[in-house]
Structure formats: structure tokens, C-alpha cells
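First to last, the sequence lines map onto chains A and B.
When we follow our numbering, the leftmost residue of the first sequence carries the number 259, and every step to the right adds one.
When we follow our numbering, the leftmost residue of the second sequence carries the number 3, and every step to the right adds one.
For the record, the hints were derived by calculation from the structure and aren't laboratory data.
Just so you know, even glycine gets a beta-carbon here, dropped at the ideal spot from N, CA and C.
Mixed in with the good hints, there may be bad ones.
[Unchecked claim] FRET-style restraints, in silico, Cβ to Cβ:
hint, chain 1, residue 1, chain 2, residue 2, range
1, A, L297, B, Q47, 19 to 29 Å
2, B, Q47, A, T360, 11 to 21 Å
3, A, Q338, B, E17, 41 to 51 Å
[Claimed, not checked] Under 8 Å between C-beta atoms, here's a sample of chain B residues computed to sit facing chain A:
hint, residue
4, N34
5, H45
6, L48
7, F53
8, N96
9, Y98
10, L100
11, S101
12, F102
[Stated by the list, open to error] Derived coverage of chain A by chain B (criterion: at least 3 residues anywhere in the stretch with Cβ under 8 Å from a Cβ of chain B; other residues may be distant):
hint, stretch
13, 303-315
14, 366-372
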Amino acid sequence: GAGVSQSPSNKVTEKGKDVELRCDPISGHTALYWYRQSLGQGLEFLIYFQGNSAPDKSGLPSDRFSAERTGGSVSTLTIQRTQQEDSAVYLCASSLGTSGGTVLVYFGPGTRLTVL
Amino acid sequence: AQSVSQHNHHVILSEAASLELGCNYSYGGTVNLFWYVQYPGQHLQLLLKYFSGDPLVKGIKGFEAEFIKSKFSFNLRKPSVQWSDTAEYFCAVNDYKLSFGAGTTVTVRA
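Next up, chain A with everything else stripped away, as it sits in the complex (with noise of 0.2 Å):
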């Protein structure tokens, strides 16, 4: 079946721009997850979402950072005045729900952001 996918692959902007992420997590997947993974940090969560609920924004590193989850299923993340330390892959991820961390959770191939 399919997984989470993302798009696009790759994006090369320049300083300054505004850029849009996407994420199609599994069909039925109630909880989106965003990461960011750096060269030599580790993946980094950003954001979750989980059914109706408000999202858990609390890895978000600045205001210029922003993610919306339309219909419970496809997500947006938008970098706004992008500046070169958010140059990184980000990664999309989907679970069935959390049921407090008793569930396997599907990471996307990545985006990878590079900003000049």
C-alpha cells in the first residue's frame, strides 16, 4: 500500500523566499508528525497534529514557521523569509493515533531544503 509521501523531493530557494512542504501521510492515519533532520543534529521534532485537536506546536523554532493540517489529512509546512540554517530535510511521518506511544509510526522519503 502506500505510504507517506512528500513533495517535492528537493527545493533549492533563495534566502529570503517563502517555501511550501508537503505531506500525504497514510490514508487513515489520525496523527502527522513533522521532523527536521540536520547534518550532525539528529531529527528534530516540529510539529504534531492529531485528529481534531490543536496541534502540538512546541518544536517549532520560530514564528517564521507555521504547518496547517486541512481535512485531517494532507499537511503544509511553510517556511516564511527562509533563512540558510533551515536548509535541512524535513520530514513528514504518520501513525494510527498515539495510544500513549504504543504505535509504529511511517516516516516519509524527506524533503530536502536548501536555501542559498
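Here the structure of chain A is known, so what remains is to put chain B in place on it, guided by the hints.
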């Protein structure tokens, strides 16, 4: 808040050598522990998980991990590595979201 530390940044091994990657977590509640692997050019895949029960868990490709509650550890092991095990390995803890360690790059030399 939970946190995860991985002891090794980069491990270089020869084929057939044994591998052990350290992982310690800091979390006061019930822990759900994972090891994920990212092969070159591929996306993150689940290697194994621990939710409860037998603290020695077996995963794919001959990997296993042992949960030692008293040491807050969840170390990953493989008795004999292959060149194809070259990858980055991430330990993670989950209460409602995954918190990852910094990762360990494993390079297996043929």
C-alpha cells in the same frame, strides 16, 4: 520531557564484527522505545521496538536490543555485521511523539 542520548557518533567496523550501539533515555513515565535505521538514500525504517514484556527484543535483519530499566538503557546489538548494515541508526522514545537521539553512523568495511 523525554530525552535520548546515543553514545557513539560514528562507528567503523569490519564485516563479521559484532556491533553494539548505546542508547540512554531520560523519562519518568512508561517508556516505549524504538530503534530506527536509515540506509543511504532511503528513508527511516523501524528496526525494532519495545513496549512491554520480554526486555530482549528482536528486530529485522538479525538486530536485537535489550531494555534495562535500572540503567535507563536500550542498547542495540548485532553479533555479526554485514556491509549492507552501513547506515545511520537512531534510538527513540515515544510517549505521544517520538524523541530521537542524535544518531550513530555505522560504516561496515568489506
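Comparing the hints with the structure gives:
1. Between L297 of chain A and Q47 of chain B the Cβ separation comes to about 20 Å, which falls inside the hinted range of 19 to 29 Å.
2. The supplied range of 11 to 21 Å is met by Q47 of chain B and T360 of chain A, whose beta-carbon atoms lie about 19 Å from each other.
3. Against the hinted window of 41 to 51 Å, the Cβ-Cβ separation of Q338 of chain A and E17 of chain B comes to about 48 Å, which satisfies the hint.
4. Contact between N34 of chain B and chain A, as hinted, is supported at the beta carbon level, the nearest pair being about 4 Å apart and thus within 8 Å.
5. The restraint placing H45 of chain B at the interface with chain A holds, with a minimum CB-CB distance near 4 Å, inside the 8 Å limit.
6. For L48 of chain B, the shortest C-beta to C-beta distance to chain A is roughly 6 Å, which falls under 8 Å, so the interface hint holds.
7. At a threshold of 8 Å, the smallest CB-CB gap from F53 of chain B to chain A is about 5 Å, leaving the interface hint in force.
8. At about 4 Å, the closest approach between the beta carbon of N96 of chain B and any beta carbon in chain A falls short of 8 Å, and the interface hint on this residue holds.
9. Interface restraint check: Y98 of chain B against chain A, minimum CB-CB distance 4 Å, threshold 8 Å, status holds.
10. A cut of 8 Å between beta carbons decides the hint on L100 of chain B: the least distance to chain A is about 6 Å, and the hint holds.
11. Taken as an interface hint, S101 of chain B checks out: its beta carbon lies about 7 Å from the nearest beta carbon of chain A, inside 8 Å.
12. The beta carbon of F102 of chain B comes within 4 Å of a beta carbon in chain A, closer than 8 Å, and the hint placing it at the interface holds.
13. For the stretch 303-315 of chain A, the proposed coverage by chain B is satisfied: 4 residues have a C-beta within less than 8 Å of a C-beta in that chain, meeting the threshold of three.
14. Residues of the stretch 366-372 of chain A lying with their CB closer than 8 Å to a CB of chain B number 3, which satisfies the three-residue condition for coverage.
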